[in-house]
Amino acid sequence: DAGVTQSPTHLIKTRGQQVTLRCSPKSGHDTVSWYQQALGQGPQFIFQYYEEEERQRGNFPDRFSGHQFPNYSSELNVNALLLGDSALYLCASSRDRVETQYFGPGTRLLVL
Amino acid sequence: GEDVEQSLFLSVREGDSSVINCTYTDSSSTYLYWYKQEPGAGLQLLTYIFSNMDMKQDQRLTVLLNKKDKHLSLRIADTQTGDSAIYFCAESPLTTGANNLFFGTGTRLTVIP
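These protein sequences, in sequence, are chains A and B.
Per our numbering, the very first residue in the first sequence carries number 3; after that it's consecutive.
Per our numbering, the very first residue in the second sequence carries number 7; after that it's consecutive.
Since the hints were made in silico from the structure, they are not lab data.
Calculated lysine to aspartate or glutamate pairs in the EDC-like style (CA-CA distance at most 20 Å, straight line):
id, chain 1, residue 1, chain 2, residue 2
1, B, 42, B, 11
2, B, 62, B, 84
3, B, 76, B, 32
4, B, 42, A, 101
5, A, 28, A, 56
6, B, 62, A, 101
It should be emphasised that the depicted structure is a prediction, and the values quoted were computed from it without experimental measurement.
Put together the whole structure using the sequences plus the hints.
Below, the structure is given as structure tokens:
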């Protein structure tokens, strides 16, 4: 049973560029959440997707957007990258809103 | 708003018990979680407790919940060097209408051989 997978594992971008990160949820899961973990901090909730709609959003600007596909996989897009967007981006999946979330290995983004 | 606090560091000797503490603010939280993060890795779910429980035991792990004081602890018995990692406490408040998590800053556990 495959767990949550994310791609790519590492990414280097420059300020002002755009980036797309990808996530495939654990088998049987239909809800995907994205978190940003800055160095030395706990993860912070970005948003959650369910039934291809953004259901909840944390305190992140509109530069952060996402998408969920019919197969439940998801993308996180960040536009106009800032140095402060450098972080580990974690995807988590669950079965709808009441279930425990399981995390992927993350994508480490470095913005220069 | 939600605020989860943890002490930053804990050192224990191999074979001793470790106790990691956490305080949270949202009394509506239905579930409280402990996650483990090893260097360069994602988060591994260790255990969780439903808010109407006081204690949960799972092999070497014991979770204690004091709902009145909004205090959660994780006890690791017979701590091993492989337990060295960062441990995050997280709450899932009912008020958000979803199961998104609010994390503390993590406690770095160092196990001394």
